[in-house]
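First to last, the protein sequences are chains A and B.
Numbering-wise, the first sequence is residues 1 to 461 according to the working numbering.
Numbering-wise, the second sequence is residues 462 to 685 according to the working numbering.
Derived by calculation from the structure, the hints in this document are not laboratory data.
In this text, all values refer to a predicted model and were calculated from it rather than measured experimentally.
Hints may contain errors.
Derived lysine to aspartate or glutamate pairs resembling EDC-like cross-links, with alpha carbons at most 20 Å apart [claimed, not checked]: (1) B/K661 <-> B/D596; (2) A/K90 <-> A/D62; (3) B/K632 <-> A/D315; (4) B/K660 <-> B/D610; (5) B/K517 <-> B/D469; (6) B/K605 <-> B/D557; (7) B/K533 <-> B/D557; (8) B/K632 <-> A/D62; (9) A/K275 <-> A/D286; (10) B/K482 <-> B/E570; (11) B/K632 <-> A/D322; (12) B/K632 <-> A/D286; (13) B/K482 <-> B/D565; (14) B/K632 <-> B/E615; (15) A/K35 <-> A/D118; (16) A/K90 <-> A/E107; (17) B/K517 <-> B/E495; (18) A/K35 <-> A/D52; (19) B/K482 <-> A/D315; (20) B/K482 <-> B/E568; (21) A/K35 <-> A/D157; (22) B/K550 <-> A/E312; (23) A/K275 <-> B/D565; (24) B/K605 <-> B/E663; (25) B/K632 <-> A/D337; (26) B/K632 <-> A/E326; (27) B/K661 <-> B/D606.
These stretches of chain A come out as covered by chain B in the derived footprint (C-beta under 8 Å, 3 or more residues) [claimed, not checked]: (28) 260-269; (29) 334-347.
Beta carbons are placed, not taken as given, at the ideal position from N, Cα and C, and that holds for glycine.
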Amino acid sequence: MTRLRTLRSRLLLWVSGPLLALWVISTLVDHEVAKGFVNLNYDRTLLDTALDLGRSVREAGDRPYIDLPPSVIELLISGQQGRLYYRVNKSDGEYITGDPDLPDPPEDAQTGRVTYYDAVYLGRPIRAVAVRVPIRPGSGRGAILVQVAELSTLRADSARQIMLRMMLPQAILVLIATLAVWFGVGLGLRALTSIRTEIENRSHVDLSPIVDSGAPVEVRPLIHAMNDLLSRLSAALAAQQRFIADAAHQLRTPVAALKAQTELAIRQVRDDEAKATLQHLQTAADHAARVVTQLLTMARAEPGSHRSVMREPVDLRALASDVTREWVPLALSRQIDLGLDEASVPVEISADPFLIREMLNNLIDNSLRYTPSGGHVTVRTARQDDHAILEVEDNGTGIPADEREKIFERFYRLPDNGPEGCGLGLAIVREIAQGHHATVAVHTGAGGRGTRMTITFSVTR
Amino acid sequence: MRLLVVEDHPILAAGLVTALKGSDYAVDHAVTGEQADHMLAAQQYDAVILDIGLPKLDGYEVLRRMRRRGSKTPVLMLTARDALEDRVKGLDLGADDYLAKPYDLPELEARVRALIRRGQSGGGAELTHGDLALDTAGRRATIKDTPLDLSARELGVLEVLMLRAGRVVSKEQLAEQLYGWGEEVGANAIEVYVHRLRKKLEPAGVNVRTIRGLGYLLEKAAHD
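Chain B on its own, in the form it takes in the complex (with noise of 0.2 Å):
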């Protein structure tokens, strides 16, 4: 996995890259803008951090430029300026996720991990939460390499809910992702797709949690 850093605080950036090479990450760092695009042009990265603020050539030219040339790599956003705004605009020019300074270490690992699990899902990669693994390409999922006999609607939720562990999910992301995938469903289908999803996971001591009025989500594994 590599990743590039785009922050020109110089502090703040030693922190960033330390903290990445310590997940085992290989870590790349632009400070300006201009840099930054020269080495997006030439090298292909698994993710970006990229901070709005930079000197002459800003975040959001950097990523109107690679997005201009056709690059795919999920990106994540960090900016000290007006969040909302700021948000709309970065999600417009195509960045994947949005941090607002001053953010939490922990999180922005998470983010980080979450946009390589994504940016991968789509290749067919495997994505993994404790013990627990699931294959998007071959739609098999494993708990210790033992196989779990999911429907595809349930592997479906399972899909969603592992891309976003840790995270809530609204019964509407779920109904939207299953319909996406050809599949009309209702609130209360969705009720029973988790209710039996979270039978089949009980005994490998992952946990999907209810969370009143909003939706499910899955615990954090405890070695995640």
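Looking at chain A on its own, in the form it has when it is part of the complex (with noise of 0.2 Å):
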């Protein structure tokens, strides 16, 4: 039974066991209320036949006879479903006429004026009847008893009959019965089927209520309970990304500080050892600099965080083109060449502005980390079919295939380290790229070097 884990076959075990179970019982009590129709009226045949064989009795003498020519009483006890026994005697028991040994009734019988007994005649069940008749009415000459018998097993052969055909359409209902709760279960479940379909096609970073209109009263407490965990489970995340958006908020204004007065100290001193010091505390600041950065914009992208759910239309190739523009100064003190491909399309996404800025800046900064000078850097925009493709190639070190899955994840750097990097820029990426519906691919760059990223979004949506 730990099987059957589908409600409808639940269901189906549930209705059709007692619907084969009463056809079962139902057929039982066919049969017996068919032999007693059948009883009655072959005991009613018998009957007949046995008065119309008293009636027939006369005397002759002191003897009787039956007053028929043998053709009609071969007539009579020729029956319907084949022969029938008789045996006429006197009252006393004296053998008149028939089948001589024919069982007698039973004892207790023997005075009442009808009396219907099975027994067993040569070897075979039988019914029989016994009527006491008088000879000639108002004769006086006392009374004959007349005992015509048949086999028993024609009944139970009619009986059968009957019930058989009683079966057949019972079993047709039980299998019409099962049909309908088969299709009825799956017409039920439709609206399951619905509540199913939006929730997977939710992003994970959706967490409104899931709407119950529509949906069976039955269901609705299972969505409402849902719903009230998706609500927690929400407030959970806000306040969480709440707390890291403060304590990064919270960190920016002194690591300003920190950064400014590193850069004056620079400035300052003479001494070239305590600058080669100083120096190494800038680069520290920077990166911590960058990682409270990243830490807000992670925080901004995650789900629940109310800015998650903003959307607008936005230019990709003009988008891609500010953010693109502002790396150019550092491109350029690097001796990277940074551009946006000529051959790049206006498209039009529905998303967050913000976060497709994140997004972007954190590809260029990465790629711009992993090219040395003299290389290139490209950021590029596409269209195709229903999608737009948002797109940066650059020629540097490249990332092995290996690897390509685990850049994703928060904190994760290349073993071979590289320069400086805090390691959540294509956490970011990522992140937003899920939060729009979006996906993002790793490829090698042309000529088989560097790095293609591409973050492909969906137009229709």
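Assembling the complex is the task here: the two chains are given apart, and the hints tell you how they should meet.
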């Protein structure tokens, strides 16, 4: 029974089991009822035959006889389903005519006028009737006993026939009921299917309540319970993100002060050794500043953050152009050629412009870190059918194929380390992409060198 | 040049004041919004560096009151808060530029310089970029005091590039500027002006770099 995990098979079992039992019971009852009717009818026929025989008894002298020609007697005992047996005796038991060995009626029934009884004749079960009739009414010469019998099997056959004919329509009824349950359950569950589809199609950042309109009343408590859980989850997430955001926010001003003072100290100090130490301090301060900024972005991009539901039309190329432009001075200082692919086309998506900017900032930052001087970094936008594509390609060190999944994990850094990064950039990229139902793919760059990161948005959404 | 730094974090403020004084600006410092408001009402500044997150009277309010008084002093906003929303709000209120904390000191200094240049360009000041000088009022460019032979449009392009020296200027931005001066120009025409301008600047060692798909950048002069 543990295998019956579906509602449909359980309902089928619960409905068709009792129906089958009912069918069996009803068949047995039908059989009994049929037997009763058959007995009643056949007994009546036996009695009619016995009375016909009894009425035809005449007395010739002392000796009674049946005043009927043999052909008529033959006709009387031919019966509907086979030959009848009969015997006519005097009241005192003296044999007159018929089958001499037909068993006597039971002792206690001798006195009754009409007696039905079961017996065995020639090794086979029979049903018999015994009737006491006066010889010629008014003659007063005593009575005779007329017995008529037939094989019991005839009746059993008839009863069985009737039973079988009733079984079939009932079996069809059971089948129809079972089918009705099968399809009925399917129809009933269709409401659940639509709820399932709604939940399946959600992004993991969408913790809004499930709409219960259209759901069966029985299912609504379940939806309400789920919505309750969703709202608690959403509140817990929001609290966590608020904490991270607040913490990062509180760190920004002191980190800015640290950076400014370090920069000043580097300018003021003449001693080369002290200058080198201060430059290390500056690198560390820059790193801290970057982590703080990334944490804030991360908290903002995650589900539960009020910002993640903001959507407005965004032209990817215009945005890419704006963001890339801001990175050019840094790229030039590292002798990297950063640009926007001239073939980029304007393509509009529905998105949170702040988060898409942050995503692109992180992609460009990442590419610049892993591209040596003299390298190229190219940003491009494209449209493919129903998809908008944002791509950043470099000809830098590239990412080994077996690292391509791990680089999206938080605080993961490539094993050979390379330039200082904080390990949150690509996690942010993935988080923001997921929040926009977009996919992130990592490819090897053109000519088998470097990396090409592709974000694919759905335009029709 | 007189600047006002409005920042309540004492160590950060001290850093900014020291750095800006090192660039030969006269620098005043206000710790609270009220103090800044009084100082701005009493004194004319060439630029204001204004932190948004001030106790009681915040940076937005200081900016609002300043603009209500009719002050056109350029304002650089500093904020630790949500970048985009703050930027939109600040720019709506009349801020001229924006920097999110934690910023790099050289970046802040460059923005302040650009702000002051922009504040002066309307008033016909002289822009300089290494040996290159542009008199925005007299519409005249010189290299080491030798006049350059530039057309009005080339001068227009040069002015935009110099105002944003070291940053990328898109063709659209150039076209917009020229259009603003009553000229309708297409992207191809811009390319032609930039090409000619570049040739004329080349002998002076000033390079107008083309940035793929993005626009042009006047490369930083060695001693800027």
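(request) Could you tell me which of the numbered hints above are not met by this structure, giving the numbers in increasing order? (result) Of the numbered hints, 6, 8, 12, 18 and 19 do not hold.
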